[in-house]
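J.: Chain by chain, the residues:
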Amino acid sequence: MSESSPRRVRVTSPRTSAARAQRVPAAREIDAQTRLGEVYMSSLLRSQLRLALLALATLAVFVGGIPLVFWLFPDLSAVEVLAVPLPWFLLAFAVYPFLLLVGWLYVRAAERNERAFTDVLDRT
Amino acid sequence: MTAAGYSVLGVTAVFVVTLAVGAYGWRFSRTTSDFFVASRTVRPGLNASAIGGEYLSAASFLGVAGLVLAFGTEMLWYPVGWTAGYLVLLVLVAAPLRRSGAYTLPDFAESRLESRGVRRLSALLVVAIGWLYLMPQFQGAGLALASTTGTGPWLGGVLVATVVLVNVLFGGMRSITFVQAFQYWLKLTALLFPLLFMAAIWLGDGAVSPASVEVGDVVGSGDSWVSPLAGAEHEVYTTYSIIIATFLGTMGLPHVVVRFYTNPDGAAARRTTLFVLALLGLFYLLPPVYGGLGRLYAPDLVADGRAESVVLELPARMVGGTAGDLLSALTTAGAFAAFLSTSSGLTVAVAGVISQDVMGHRFGGVRAFQAGAVVAVLVPLGLAVLTEGVGVAQAVGLAFAFAASTLCPLLVLGIWWRRLTDVGAIAGMLIGGGCAGGSVLATLLGVGPEGWAGALLAQPAAWTVPLAFLTMVGASLATPRRVPRHAARTMVRLHTPESVQLDRGAPPR
Chain A
1 MSESSPRRVR
11 VTSPRTSAAR
21 AQRVPAAREI
31 DAQTRLGEVY
41 MSSLLRSQLR
51 LALLALATLA
61 VFVGGIPLVF
71 WLFPDLSAVE
81 VLAVPLPWFL
91 LAFAVYPFLL
101 LVGWLYVRAA
111 ERNERAFTDV
121 LDRT
Chain B
1 MTAAGYSVLG
11 VTAVFVVTLA
21 VGAYGWRFSR
31 TTSDFFVASR
41 TVRPGLNASA
51 IGGEYLSAAS
61 FLGVAGLVLA
71 FGTEMLWYPV
81 GWTAGYLVLL
91 VLVAAPLRRS
101 GAYTLPDFAE
111 SRLESRGVRR
121 LSALLVVAIG
131 WLYLMPQFQG
141 AGLALASTTG
151 TGPWLGGVLV
161 ATVVLVNVLF
171 GGMRSITFVQ
181 AFQYWLKLTA
191 LLFPLLFMAA
201 IWLGDGAVSP
211 ASVEVGDVVG
221 SGDSWVSPLA
231 GAEHEVYTTY
241 SIIIATFLGT
251 MGLPHVVVRF
261 YTNPDGAAAR
271 RTTLFVLALL
281 GLFYLLPPVY
291 GGLGRLYAPD
301 LVADGRAESV
311 VLELPARMVG
321 GTAGDLLSAL
331 TTAGAFAAFL
341 STSSGLTVAV
351 AGVISQDVMG
361 HRFGGVRAFQ
371 AGAVVAVLVP
381 LGLAVLTEGV
391 GVAQAVGLAF
401 AFAASTLCPL
411 LVLGIWWRRL
421 TDVGAIAGML
431 IGGGCAGGSV
441 LATLLGVGPE
451 GWAGALLAQP
461 AAWTVPLAFL
471 TMVGASLATP
481 RRVPRHAART
491 MVRLHTPESV
501 QLDRGAPPR
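Order-wise, the sequence lines are chains A and B. So the first sequence is numbered by UniProt numbering: it starts at 1 and just counts up by one. So the second sequence is numbered by UniProt numbering: it starts at 1 and just counts up by one.
Hints in this document: simulated from the structure, not taken from any laboratory. Predicted model, so just to flag it, every value in this text is computed and none were measured. One or more hints might be untrue.
[What the hints assert, rightly or not] Cβ-Cβ distance ranges computed for the label pairs, FRET-style:
1) Pro97/A to Thr12/B: 35 to 45 Å
2) Arg35/A to Gln501/B: 15 to 25 Å
3) Glu111/A to Leu383/B: 37 to 47 Å
4) Ala57/A to Ala199/B: 13 to 23 Å
5) Gly204/B to Val81/A: 18 to 28 Å
6) Ala20/B to Phe73/A: 46 to 56 Å
Even glycine gets a Cβ: it sits at the ideal position worked out from N, Cα and C.
Kindly generate the complete structure, drawing on both the sequences and the hints.
T.: Have a look at this one:
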């Protein structure tokens, strides 16, 4: 695996170092586990966790709420949608496109978060 | 030719094609990495079909239709939960788990928590859950073969175990990936094609609603068949307990988790999971329709206690003649595809863990994996032949509740909470697993009490899962000095995209 191969060592003339501007890339801040590196990492972690919790909350409210709604309003079971009883319509058909939609939106947003993180690291 | 003859032909065809497709994959299987994780080069489309093929077990193919036929709409929570479990997995686990770089779940546990103890305990749990899930597959195969061809109840299980073992021994994960991708599409066709004929007949008969007929049983008549709440007493608690067990248990199943290591990178793992969500949603549209039609055309199966065979028998009953026999043979073949694919995936997952954690010292690489596979199949096969009576759906439900109370908190907290310690993880898994395992065992043995206590024991997930999470968090907070030394570095490895050049620490082994 590439990770286990020895690090490439850059061999340069000592004279060039004086001319180059001193700046520390964000990636090295993270590698050195400095305060700033921690900030980069925790902002990525927090944005991904917030997104995950948002997706789970959507699932909990719209799918997890179904039993509660039918328990509070049992008459809803008699309602028919397209000649199918409402509980059956929700649980046998409608729920699957909904799950897929939540998953699709999540993947898009998660990849956007990662792109933002990569951009920040590249820019510095 | 008789109906049994067609079924034997269909099942034989599935066995032969499975071995042939597997043999195609044998040619590519050379290295240890091929055997364990197909060298991590499986693309999302193929990988998603393989995951779908592996995940849709006998419980999905036969069990869901039978449960819906017997108990009604509330049982739809099982397929919904098994699909939503993948959404939870996508959101919380998919990409970080792939990025961890571990081969198996114990590898992940050890590299994250830097502790051999956590590794041993999680290895034990993986093997236990795997066997718990394999046993009903072999039992189901025996029952299905017996009900369609009249052979002894043990033959089906032995046949399935043999075919699985041959494929795993020669090709490992590489070969299994091809087999399972093929079996997803076979299972979908096997349910969809007969359904087209049956739907036409149902429309011709005036499209009577399944909810409108009275079947002479206590639990599933009239209004209660339509209700989405489970059981007659403590219905809200029982329904939510099923929801928690299935939504959170999916990520703890060993054959589900091992699949994430076969993706090329974290982003591909996410896209694969999304693809799987689509494939599962597509498949789960079908079995409930068998249950609904079964209520109209085969209500006697409920009284006979054979509701689980509705998928196998309904086509022959509704269509009739040779065409009906052929369609029933098709669903029987699909059922065997379900037994084969799920058992293959579980065998690979359990064999990986056994070979690394038990046999790794004596044999090396591929040899250890093959020896592990033999043990992984023979033990649950023996259990399946020796014990009878535990229903397929019941044993599978037990596996989900157990996984949700043990490996789910380990994964979720390990990935998202830096301060998890090895002591916390072990305490949480022991308490969660002990409570979940103990209460389901009590129910199965019939020593559970009545009333509220009985409901709590029959579906324990709603209290054992929060208990496991709380124990893990509490015990970790009480042992702050045991936070792993490289926890920050491991978090970088789990969460940063692979395109960024970073020091991710040493990947596990």
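J.: With reference to the structure, classify each hint as holding or not holding.
T.: Here's how the hints hold up against the structure:
{"no.": "1", "hint": "Pro97/A to Thr12/B: 35 to 45 Å", "in the structure": "holds, 38 Å"}
{"no.": "2", "hint": "Arg35/A to Gln501/B: 15 to 25 Å", "in the structure": "holds, 21 Å"}
{"no.": "3", "hint": "Glu111/A to Leu383/B: 37 to 47 Å", "in the structure": "holds, 44 Å"}
{"no.": "4", "hint": "Ala57/A to Ala199/B: 13 to 23 Å", "in the structure": "violated, 37 Å"}
{"no.": "5", "hint": "Gly204/B to Val81/A: 18 to 28 Å", "in the structure": "holds, 24 Å"}
{"no.": "6", "hint": "Ala20/B to Phe73/A: 46 to 56 Å", "in the structure": "holds, 54 Å"}
In the structure shown, a violation is registered for the earlier hint numbered 4 alone.
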